[in-house]
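Engineer: Sequence:
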Amino acid sequence: MFFGAGNLIFPPYLGFLTGTKWWLAGFGFLITGVGLPLFGVVACAKINGTFVEITSRVGKVFSLVAVSSLVLAIGPMLAIPRTAATTYELAVKPLFLTMPPMLSSIVYFIIVISFVLKPSAIVDNVGKVLTPILLIMLTAIIFKALLSPIGPISDTGFSNAFSYSLLEGYQTMDAMAAVIFSGIILSTAKEKGYKNSELTSVIIRSSIIASVGLAFVYGGLLYLGSQSATLFPLDISRTTLLTEVVRLDLGTFGTIVLAVAVSLACLTTAIGLLSTAADYFSRYVFNRRISYNTTAIIMAIISAIISVSGVDTIVRIAIPMLTVLYPIVIILIALTLMGDLAADRRIFRVTVGVTTLISLMDTITNLTNWTSLRTVLNIVPLASSGFIWLVPTIIAFCASYLYATYLVPTPSLVNNRTQR
60 MFFGAGNLIF PPYLGFLTGT KWWLAGFGFL ITGVGLPLFG VVACAKINGT FVEITSRVGK
120 VFSLVAVSSL VLAIGPMLAI PRTAATTYEL AVKPLFLTMP PMLSSIVYFI IVISFVLKPS
180 AIVDNVGKVL TPILLIMLTA IIFKALLSPI GPISDTGFSN AFSYSLLEGY QTMDAMAAVI
240 FSGIILSTAK EKGYKNSELT SVIIRSSIIA SVGLAFVYGG LLYLGSQSAT LFPLDISRTT
300 LLTEVVRLDL GTFGTIVLAV AVSLACLTTA IGLLSTAADY FSRYVFNRRI SYNTTAIIMA
360 IISAIISVSG VDTIVRIAIP MLTVLYPIVI ILIALTLMGD LAADRRIFRV TVGVTTLISL
420 MDTITNLTNW TSLRTVLNIV PLASSGFIWL VPTIIAFCAS YLYATYLVPT PSLVNNRTQR
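So the sequence shown is numbered by the working numbering: it starts at 60 and just counts up by one.
To be clear, the hints were calculated from the coordinates, so they are not data collected in a lab. Don't take every hint at face value.
[Said to hold, decoys possible] Derived DMTMM-like pairs: lysine to aspartate or glutamate, alpha-carbon spacing no greater than 20 Å straight-line: (1) LYS152 with ASP294; (2) LYS105 with ASP371; (3) LYS105 with GLU250; (4) LYS152 with ASP371; (5) LYS249 with GLU112; (6) LYS105 with GLU257; (7) LYS203 with GLU112; (8) LYS177 with ASP399; (9) LYS152 with GLU303.
[What the hints assert, rightly or not] Label-pair distances were calculated between CB atoms; the ranges are: (10) ILE169 with CYS457: 30 to 40 Å; (11) LYS251 with ILE423: 43 to 53 Å; (12) TRP429 with SER246: 39 to 49 Å; (13) PHE202 with VAL261: 39 to 49 Å; (14) LEU290 with SER173: 38 to 48 Å; (15) CYS457 with PHE291: 41 to 51 Å; (16) VAL271 with THR79: 21 to 31 Å; (17) LEU290 with SER350: 22 to 32 Å; (18) PHE202 with ASN352: 24 to 34 Å; (19) PHE312 with PRO440: 24 to 34 Å; (20) THR79 with LEU194: 22 to 32 Å.
We put the CB at the ideal spot given by N, CA and C, even for glycine.
Let the hints inform the model, and build the full structure from the sequences given.
Structural biologist: Right under this line is the structure:
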């Protein structure tokens, strides 16, 4: 579920930028690109519920806005358009040089919407076949890079490799997908007969196995990308870099096979994401006033329009949205995993409120010329590294915990501590 083929464009590019620091970049990328999704699934399994239940502890309005924003991000605003743009740049453009991106997107989304409006087992079956093929292909690419490097790993002089790669890991959007799709994971496990503690244990074990696989793929592609630091110009696009390093690694045939496999995988991913997004908005946001089919068509049109801008542009568009949403997701996951330490709603509300406020202020100043606010925010620790929200959030948690636990404790929590 979290093996998004479109995410394969990020590790090689990160390795290309960081060169000899690829291992440090890999460490950062794996924390946000692999570790966070794992903890997201574990958090939802811990409460045996969904992300809606987690966000509801802050408030109903916040829950609706937060979950809707996540669904839009992994749906028609970012993830779905990126699958279409990746397909065009990896498979369509190299074969049909004169085909405009809009025509490619129209054909792509006609196929997507036809499956979304009339669900078929074909999509699931294709996905089950494609994923193993893609994994075998990627394993071959990685081992070939280990045994026969495509070039020397050189020092690119890249600074802040770790913090940059942490933020680059946001682009996978896997942590957001993890908390949104956790309900599906839980229901699937329940259908197989798992219950209570056994259910949680199975989900955690399977998530760890999936995370190890992702870490291998991402780490291997990052290493491959680091071998290309001296081979290509700095302005090379992410999709072109992926195509070229695979061509140097396995030849033209390997490039074609990878392009076809990734494109079909992107197609099946888009179908699943569009179906989920349309169902959520039709049911919970529009209260069935707008049908599922109409919602799906509208979202497909929006996705098609955005996809024409290209992968690198979509990645740039994603930065402001992800720098607001990801800190919120991270803190909600952390608070949920804390269990009794963050049992009081006031702790949730204050901590998440501060995270949201700081993230919004930081993003606004990055998008505008509000210099006075930027000057104030620069005083906050880690402001220059993209994690300005971290220290204020920790302070907010500690203050709200002391207040809710010792100064004005909730009676039920006092009774629980007394009984222990």
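Engineer: All hints are to be evaluated individually against the structure, with a verdict given for each.
Structural biologist: Against the structure, the hints:
1. LYS152 with ASP294: Within the cut-off at roughly 19 Å; holds.
2. LYS105 with ASP371: 37 Å, violated
3. LYS105 with GLU250: The given pair, whose Cα atoms are some 18 Å apart, holds under the 20 Å limit.
4. LYS152 with ASP371: 15 Å, holds
5. LYS249 with GLU112: It holds: about 18 Å lies between the C-alpha atoms, which stays within 20 Å.
6. LYS105 with GLU257: It holds: about 11 Å lies between the C-alpha atoms, which stays within 20 Å.
7. LYS203 with GLU112: 46 Å, violated
8. LYS177 with ASP399: 45 Å, violated
9. LYS152 with GLU303: 14 Å, holds
10. ILE169 with CYS457: 30 to 40 Å: With Cβ atoms ~53 Å apart, the hint is violated.
11. LYS251 with ILE423: 43 to 53 Å: 46 Å, holds
12. TRP429 with SER246: 39 to 49 Å: 45 Å, holds
13. PHE202 with VAL261: 39 to 49 Å: 31 Å, violated
14. LEU290 with SER173: 38 to 48 Å: Once the Cβ atoms are compared, 41 Å apart, the range 38 to 48 Å for SER173 and LEU290 holds.
15. CYS457 with PHE291: 41 to 51 Å: 47 Å, holds
16. VAL271 with THR79: 21 to 31 Å: Since the Cβ atoms of VAL271 and THR79 sit about 25 Å apart, the hinted range of 21 to 31 Å holds.
17. LEU290 with SER350: 22 to 32 Å: 51 Å, violated
18. PHE202 with ASN352: 24 to 34 Å: Given range 24 to 34 Å: violated, Cβ gap about 46 Å.
19. PHE312 with PRO440: 24 to 34 Å: 51 Å, violated
20. THR79 with LEU194: 22 to 32 Å: About 28 Å separates the Cβ atoms of THR79 and LEU194, which means 22 to 32 Å holds.
Comparing the model with each earlier hint shows violations of hints 2, 7, 8, 10, 13, 17, 18, 19; every other hint is respected.
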